[in-house]
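Colleague: Here the structure of chain A is known, so what remains is to put chain B in place on it, guided by the hints.
Chains A and B supply the protein sequences, listed in that same order. Per our numbering, residue 1 is the first one in the first sequence, and the count goes up by one each step. Per our numbering, residue 116 is the first one in the second sequence, and the count goes up by one each step.
Read the hints as simulated data drawn from the structure, not as lab findings. Just so it is clear, the structure is predicted and the values come from calculations on it, not from any experiment. Note that the Cβ used here is the ideal one computed from N, Cα and C, for glycine as well. A few of these clues could be false.
[Stated by the list, open to error] Sample of chain A residues at the chain B side, in silico, Cβ under 10 Å:
| hint | residue |
| --- | --- |
| 1 | Thr31 |
| 2 | Phe49 |
| 3 | Phe90 |
| 4 | Thr113 |
| 5 | Thr115 |
[Claimed, not checked] Pair ranges (Cβ atoms, derived):
| hint | chain 1 | residue 1 | chain 2 | residue 2 | range |
| --- | --- | --- | --- | --- | --- |
| 6 | A | Phe69 | B | Arg192 | 39 to 47 Å |
| 7 | B | Arg173 | A | Asp42 | 21 to 29 Å |
| 8 | B | Arg173 | A | Glu82 | 41 to 49 Å |
| 9 | A | His10 | B | Glu181 | 43 to 51 Å |
| 10 | A | Phe69 | B | Asn138 | 36 to 44 Å |
| 11 | B | Ala178 | A | Ser80 | 43 to 51 Å |
| 12 | B | Gly144 | A | Glu103 | 16 to 24 Å |
| 13 | A | Ser80 | B | Ala180 | 42 to 50 Å |
| 14 | A | Thr20 | B | Arg192 | 40 to 48 Å |
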Amino acid sequence: AAGVIQSPRHLIKEKRETATLKCYPIPRHDTVYWYQQGPGQDPQFLISFYEKMQSDKGSIPDRFSAQQFSDYHSELNMSSLELGDSALYFCASSEVLVAGTDEQYFGPGTRLTVT
Amino acid sequence: DAKTTQPNSMESNEEEPVHLPCNHSTISGTDYIHWYRQLPSQGPEYVIHGLTSNVNNRMASLAIAEDRKSSTLILHRATLRDAAVYYCILRRTGTYKYIFGTGTRLKVLA
Numbered sequence: 001a002a003g004v005i006q007s008p009r010h011l012i013k014e015k016r017e018t019a020t021l022k023c024y025p026i027p028r029h030d031t032v033y034w035y036q037q038g039p040g041q042d043p044q045f046l047i048s049f050y051e052k053m054q055s056d057k058g059s060i061p062d063r064f065s066a067q068q069f070s071d072y073h074s075e076l077n078m079s080s081l082e083l084g085d086s087a088l089y090f091c092a093s094s095e096v097l098v099a100g101t102d103e104q105y106f107g108p109g110t111r112l113t114v115t
Numbered sequence: 116d117a118k119t120t121q122p123n124s125m126e127s128n129e130e131e132p133v134h135l136p137c138n139h140s141t142i143s144g145t146d147y148i149h150w151y152r153q154l155p156s157q158g159p160e161y162v163i164h165g166l167t168s169n170v171n172n173r174m175a176s177l178a179i180a181e182d183r184k185s186s187t188l189i190l191h192r193a194t195l196r197d198a199a200v201y202y203c204i205l206r207r208t209g210t211y212k213y214i215f216g217t218g219t220r221l222k223v224l225a
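The shape of chain B in the complex, shown without the other chains:
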């Protein structure tokens, strides 16, 4: 399985944009990039996923590099409720498993 690398932690001020990076240099052509987050004492929550093109939804945006070796999750206006561990996961088409890495712990400052 291809691996992902994320910073251990990041901080952001409330109401400012946050860019969470993820490196996946060994990604294959059939790997989707998924992002999940885990709030304290809760199960992980789906955020967004993509293959090649940038993606937007109500929660966030996903920017994927042209060579697909890295991606960035963008929270447009961080709130205190966005404080969580964010996981970048590669998911191969046709498979039914997620391998969670170490994730980025996001702290949002009021």
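Chain A with its partners taken away, still in its complex shape:
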């Protein structure tokens, strides 16, 4: 079965650079979620999109932005990178029939290292 695809899987950037993470949801899934997981920490919800519209926002820094495109893939753009942005970034997708009841399917994550 098709799974959530994230690219790249690993990314190394320097401070103050920009990074773009991509997420390709499972076919027919209409909702994408982004999470950040620092070393030894729990996943932190960043932002979600339903049918290409931003639906909910969590603890996403102003330096980060995201969007969902017409083909439902999503990109997380991160600017002015800081050392503290080093983390695993997970994307998850779901098919929403009733918001709140959907099952999320997570991708393998992108490991971002900021030096």
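Modeller: Chain B only, in chain A's frame:
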């Protein structure tokens, strides 16, 4: 957002049942109870969810207290592959965000 409280860690012997508790005393009537688990070096994985009634699926069972202020995830026969961090999450109907708490780290002993 309503919060959940889980024990930091639990241990179980292989092939024995495991009961993972979660307290959510501030739950509202439209909050669904979701459980996810995260195996080492992987993204979280859906386990089960429910609203009021107990739920069963191939992975686990979810027992929800009558007042909904607590719930228990039941793994009927723990295997070594069930060693993971288990998260109990409240998800309000109509919203598109999950707030992960600290979770319970389950260790399964051979």
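Colleague: Determine for every hint whether it applies to the structure shown.
Modeller: Now the hints, each set against the structure:
This hint holds: A:Thr31 has a C-beta 6 Å from the nearest C-beta of chain B, less than the 10 Å allowed. Here the hint on A:Phe49 is kept, as its CB sits about 8 Å from the closest CB of chain B, short of 10 Å. Checking A:Phe90 against chain B: minimum C-beta separation of about 5 Å stays under 10 Å; hint holds. A cut of 10 Å between beta carbons decides the hint on A:Thr113: the least distance to chain B is about 16 Å, and the hint is violated.
Interface restraint check: A:Thr115 against chain B, minimum CB-CB distance 22 Å, threshold 10 Å, status violated. Judged by the Cβ atoms, the range 39 to 47 Å given for A:Phe69 and B:Arg192 holds: they are separated by roughly 44 Å. Roughly 26 Å separates the CB atoms of B:Arg173 and A:Asp42, a value that falls within the hinted 21 to 29 Å. For B:Arg173 and A:Glu82, the Cβ-Cβ distance of about 43 Å falls inside the hinted range of 41 to 49 Å, so the restraint holds.
Hint check: A:His10 to B:Glu181, Cβ distance near 48 Å, so the stated range 43 to 51 Å holds. A hinted range of 36 to 44 Å holds for the C-beta pair A:Phe69 and B:Asn138, which are about 40 Å apart. A hinted range of 43 to 51 Å holds for the C-beta pair B:Ala178 and A:Ser80, which are about 47 Å apart. B:Gly144 and A:Glu103 have their C-beta atoms about 21 Å apart, which keeps the hinted 16 to 24 Å range intact.
Distance hint check for A:Ser80 and B:Ala180: the Cβ-Cβ separation is about 47 Å, which falls inside the suggested range of 42 to 50 Å. Take A:Thr20 and B:Arg192: their Cβ atoms lie about 44 Å apart, and the range 40 to 48 Å holds.
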